[in-house]
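There are 2 protein chains.
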Amino acid sequence: MTGAGLGRVHTQRVVLFSRADPLVLESGARLAPVEVAYETYGTLDNDAGNAVFVLHALTGDAHAAGHHGDPDRPGWWDNLIGPRRPLDTERFFVICPNLLGGCQGTTGPTSIDPETGRPYGLSFPLFTVRDLTRVHRRLLAHLGIRRVAVAIGGSLGGMQALQWALDHPREVGGAALICATARLTAQNIAFSAVARAAIMEDPEFAGGRYLEHGRSPRVGLATARKLAHITYLSEESMRRKFARARRDGGPGMTLATDFEVEHYLEHQGNSFLRRFDALSYLYLTRVMDYFDPLADPTLDLAAVDTRFLLISFDTDWRFATKHSLHLARELRAGGVDVEHFEVRSPWGHDSFLLEVPEYHRRVAAFVDGAAGGARRAPARETQTSSVSNAM
Amino acid sequence: MTGAGLGRVHTQRVVLFSRADPLVLESGARLAPVEVAYETYGTLDNDAGNAVFVLHALTGDAHAAGHHGDPDRPGWWDNLIGPRRPLDTERFFVICPNLLGGCQGTTGPTSIDPETGRPYGLSFPLFTVRDLTRVHRRLLAHLGIRRVAVAIGGSLGGMQALQWALDHPREVGGAALICATARLTAQNIAFSAVARAAIMEDPEFAGGRYLEHGRSPRVGLATARKLAHITYLSEESMRRKFARARRDGGPGMTLATDFEVEHYLEHQGNSFLRRFDALSYLYLTRVMDYFDPLADPTLDLAAVDTRFLLISFDTDWRFATKHSLHLARELRAGGVDVEHFEVRSPWGHDSFLLEVPEYHRRVAAFVDGAAGGARRAPARETQTSSVSNAM
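Sequence order for the protein chains is A and B.
According to my numbering, the first sequence holds residues 1 to 391 in order.
According to my numbering, the second sequence holds residues 1 to 391 in order.
The set of hints was computed from the structure by calculation and includes no laboratory data.
Just so it is clear, the structure is predicted and the values come from calculations on it, not from any experiment.
Take the hints with a grain of salt, since some may be wrong.
Taking lysine to aspartate or glutamate pairs in the DMTMM-like style, the calculated list, with each CA pair at most 25 Å apart, reads [said to hold, decoys possible]:
id, chain 1, residue 1, chain 2, residue 2
1, A, Lys322, B, Glu260
2, A, Lys322, B, Glu342
3, B, Lys241, A, Asp292
4, B, Lys322, A, Asp314
5, A, Lys322, A, Glu236
6, A, Lys322, A, Asp296
7, A, Lys322, B, Glu236
8, B, Lys322, B, Asp300
9, B, Lys322, A, Glu236
10, B, Lys241, B, Glu358
11, B, Lys322, B, Glu339
12, B, Lys322, B, Glu235
13, A, Lys241, B, Glu330
14, A, Lys322, A, Asp337
15, A, Lys241, B, Asp296
16, A, Lys241, B, Asp292
17, A, Lys322, B, Asp314
18, B, Lys322, A, Glu260
19, A, Lys241, A, Glu355
20, B, Lys322, A, Glu342
21, B, Lys241, A, Glu330
22, B, Lys322, B, Asp292
23, B, Lys322, A, Glu235
24, B, Lys322, B, Asp296
25, A, Lys322, A, Glu235
26, A, Lys322, B, Glu235
27, B, Lys241, A, Asp296
Partial chain A-side listing against chain B, Cβ under 7 Å, derived [stated by the list, open to error]:
id, residue
28, Ala4
29, Gly7
30, Arg8
31, Arg19
32, Val194
33, Leu227
34, Glu235
35, Leu255
36, Glu262
37, Leu265
Here are a few chain B residues that face chain A, going by a calculated C-beta distance under 10 Å [to be verified]:
id, residue
38, Phe127
39, Ala197
40, Ala198
For glycine and all other residues, C-beta sits at the position ideal for the given N, C-alpha and C.
Take these sequences, add in the hints, and give me the full structure.
In structure tokens:
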């Protein structure tokens with residue numbers, strides 16, 4: 001990471017779909033209102049040609065970079081986004097919304113259903129990755145942008161970039177997919193299925209009506225998070241971080257938390273309860289299970305002129321390199337321009353959140369190329385830097 | 001599998017430790033009575049030289065071979081044990097007990113604590129793999145046997161064979177460890193930690209007193225089993241068995257069970273509830289976490305003249321080949337006679353339960369060699385065949 005970050009930034013909210021103009025989902029279901037939380041960093045060019053759209057992963061949010069008051073708690077992709085970082089906010093206008101179905105500002109199953117005055121719960125309609133991109137496209141239109149120079153995301157974020165580029169290649173100059181996949185394996189689905197069952201079978205889930213009863217499926221959601229977390233780390237990174245160390249290290253045995261890896265997972269589970277919701281977890285994992293855009297009979301790869309960058313990490317076993325290889329092969333067979341790099345990193349799937357030099361270099365080069373020599377933004381403070389200075 | 005199996009067999013029970021002669025655990029805790037359920041197949045030689053001791057894995061039981069009435073439901077290692085099978089019951093006297101801490105006939109945390117008249121629950125003492133072998137050795141003495149030709153087990157079963165041979169090499173001619181380990185990794189511990197937490201935090205666990213209240217931590221135990229099951233299968237075997245198939249295959253999406261892999265896991269979870277107990281699951285997974293015999297400062301490999309066979313499977317990621325390689329290297333560095341074979345099998349950790357030809361050939365050859373030309377048993381019906389004929 002070079003140079004100072006963005007400083008203080010703010011989340012904005014906008015109602016993008018109303019009852020008069022609802023979001024029509026791929027299933028045919030209608031949803032309104034749909035409010036979206038998002039952040040932007042940098043300044044939009046006069047010709048709106050320098051937009052970079054950041055798509056978050058399963059449990060991410062709109063707060064990708066800068067900070068909300070505490071510089072030691074930056075956004076989740078702060079190492080990638082900012083002045084002179086790979087997504088250079090002195091050059092690009094970076095947009096990051098919270099996903100439909102999420103729980104961090106965008107309409108989701110914990111939102112109030114206007115038909116009932118109660119939280120949607122399980123009556124929130126199921127949706128697809130294509131539906132996620134429908135909302136993104138509306139946000140883009142709201143911002144007066146017709147085309148993004150680059151859409152970029154890791155994991156589920158990359159899946160959205162893929163769907164968007166396949167459906168609307170003219171809207172996406174370049175699609176950067178970091179440790180993503182075009183199709184979950186049975187094992188991928190299995191892990192999510194165990195997590196979802198742990199949530200739904202937790203008696204505190206109360207058929208999805210827990211919010212109304214002041215309850216929360218804490219055990220199920222913590223189980224889900226801990227389980228997922230194991231798949232985000234490589235075995236090697238767990239070995240490096242924890243080995244077989246025990247916190248107290250005495251000779252005795254206990255069924256209670258003892259090994260450092262157990263303390264770590266417990267912490268991950270508990271802190272997740274403070275920031276994420278069980279229903280969003282159900283919906284957003286399920287959207288991944290059903291994702292299979294290359295099997296879409298209407299897919300016309302010959303029309304796809306978006307350039308693709310695929311990055312995978314050698315120790316990622318959540319969406320291992322073979323997922324990217326499969327996708328690259330399929331896209332190339334259809335004549336699509338694809339670069340794929342397997343980057344060495346010991347940190348598994350989580351590598352996409354970390355400052356792995358080769359990965360960041362590849363992203364910077366791709367964004368630079370996909371921008372097609374987009375003009376540098378005017379030599380003045382960026383929007384977000386101004387905000388920071390005004391603190 | 002060649003030839004007919006053992007036919008009908010019976011589980012026997014024996015009290016091996018009494019209040020006057022309790023089991024003194026490695027922790028110093030005393031436990032009595034300790035009853036052990038076990039089965040034997042074949043006939044013991046006059047010089048008691050043809051014993052093969054079978055050690056079961058985490059959720060196994062004493063019923064390793066033959067059947068209890070329904071020939072279509074044979075014991076868990078029936079393909080390995082029987083007339084003219086790798087553990088040839090026309091030649092060997094095969095013994096298989098249920099483990100201490102188990103729930104299938106041997107004393108464990110669901111047994112009645114004579115001090116209170118109630119099930120032990122969490123007051124059952126924690127124990128080690130060495131404690132498991134203490135009980136095995138007592139059973140052996142009860143049967144009038146001083147030395148086994150071979151001790152053999154898969155996974156936790158192999159860990160017991162290892163501990164036994166390291167502690168008492170003169171009692172174990174050959175130790176056959178199938179997809180075992182000398183030390184769990186942080187990732188291995190992590191999976192078990194998530195499973196245990198799901199059980200203990202299930203409100204139905206009731207602090208381990210669920211039996212007295214007619215309750216059961218079904219959600220937690222099913223979660224534990226499903227999670228573990230994912231680690232027993234390779235990604236490749238899940239792909240072969242399930243791919244992305246859906247049972248109904250309609251165009252709609254659902255949060256309910258839909259993909260075949262989900263149905264499979266749900267079935268695995270539910271059927272496990274009928275045969276296994278949550279407390280035993282806690283204790284028997286924990287015994288694995290703490291197992292680390294090569295770190296024992298009293299270990300004297302120079303004294304170990306047991307021959308070792310290590311088998312690992314190329315797609316096993318629960319205890320991958322590197323676990324066996326590590327153990328082989330450590331044992332050889334101490335001068336121990338070790339053969340290690342990585343066997344190709346698409347079925348992951350579960351391969352040890354399956355009839356993988358190379359694996360069975362290696363076991364047969366090892367047992368034959370370790371028996372040192374043990375005399376063939378007299379040419380008469382084996383004990384178990386007699387039982388079968390008497391039906």
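Against the structure, the hints:
| no. | hint | result |
| --- | --- | --- |
| 1 | A:Lys322 x B:Glu260 | 22 Å, holds |
| 2 | A:Lys322 x B:Glu342 | 23 Å, holds |
| 3 | B:Lys241 x A:Asp292 | 19 Å, holds |
| 4 | B:Lys322 x A:Asp314 | 18 Å, holds |
| 5 | A:Lys322 x A:Glu236 | 19 Å, holds |
| 6 | A:Lys322 x A:Asp296 | 21 Å, holds |
| 7 | A:Lys322 x B:Glu236 | 12 Å, holds |
| 8 | B:Lys322 x B:Asp300 | 23 Å, holds |
| 9 | B:Lys322 x A:Glu236 | 12 Å, holds |
| 10 | B:Lys241 x B:Glu358 | 22 Å, holds |
| 11 | B:Lys322 x B:Glu339 | 14 Å, holds |
| 12 | B:Lys322 x B:Glu235 | 18 Å, holds |
| 13 | A:Lys241 x B:Glu330 | 24 Å, holds |
| 14 | A:Lys322 x A:Asp337 | 18 Å, holds |
| 15 | A:Lys241 x B:Asp296 | 23 Å, holds |
| 16 | A:Lys241 x B:Asp292 | 19 Å, holds |
| 17 | A:Lys322 x B:Asp314 | 18 Å, holds |
| 18 | B:Lys322 x A:Glu260 | 22 Å, holds |
| 19 | A:Lys241 x A:Glu355 | 17 Å, holds |
| 20 | B:Lys322 x A:Glu342 | 23 Å, holds |
| 21 | B:Lys241 x A:Glu330 | 24 Å, holds |
| 22 | B:Lys322 x B:Asp292 | 16 Å, holds |
| 23 | B:Lys322 x A:Glu235 | 12 Å, holds |
| 24 | B:Lys322 x B:Asp296 | 21 Å, holds |
| 25 | A:Lys322 x A:Glu235 | 18 Å, holds |
| 26 | A:Lys322 x B:Glu235 | 12 Å, holds |
| 27 | B:Lys241 x A:Asp296 | 23 Å, holds |
| 28 | Ala4 | 36 Å, violated |
| 29 | Gly7 | 37 Å, violated |
| 30 | Arg8 | 37 Å, violated |
| 31 | Arg19 | 24 Å, violated |
| 32 | Val194 | 5 Å, holds |
| 33 | Leu227 | 5 Å, holds |
| 34 | Glu235 | 5 Å, holds |
| 35 | Leu255 | 6 Å, holds |
| 36 | Glu262 | 4 Å, holds |
| 37 | Leu265 | 6 Å, holds |
| 38 | Phe127 | 8 Å, holds |
| 39 | Ala197 | 7 Å, holds |
| 40 | Ala198 | 5 Å, holds |
The structure does not agree with the numbered hints 28, 29, 30 and 31 stated previously, though it agrees with the rest.
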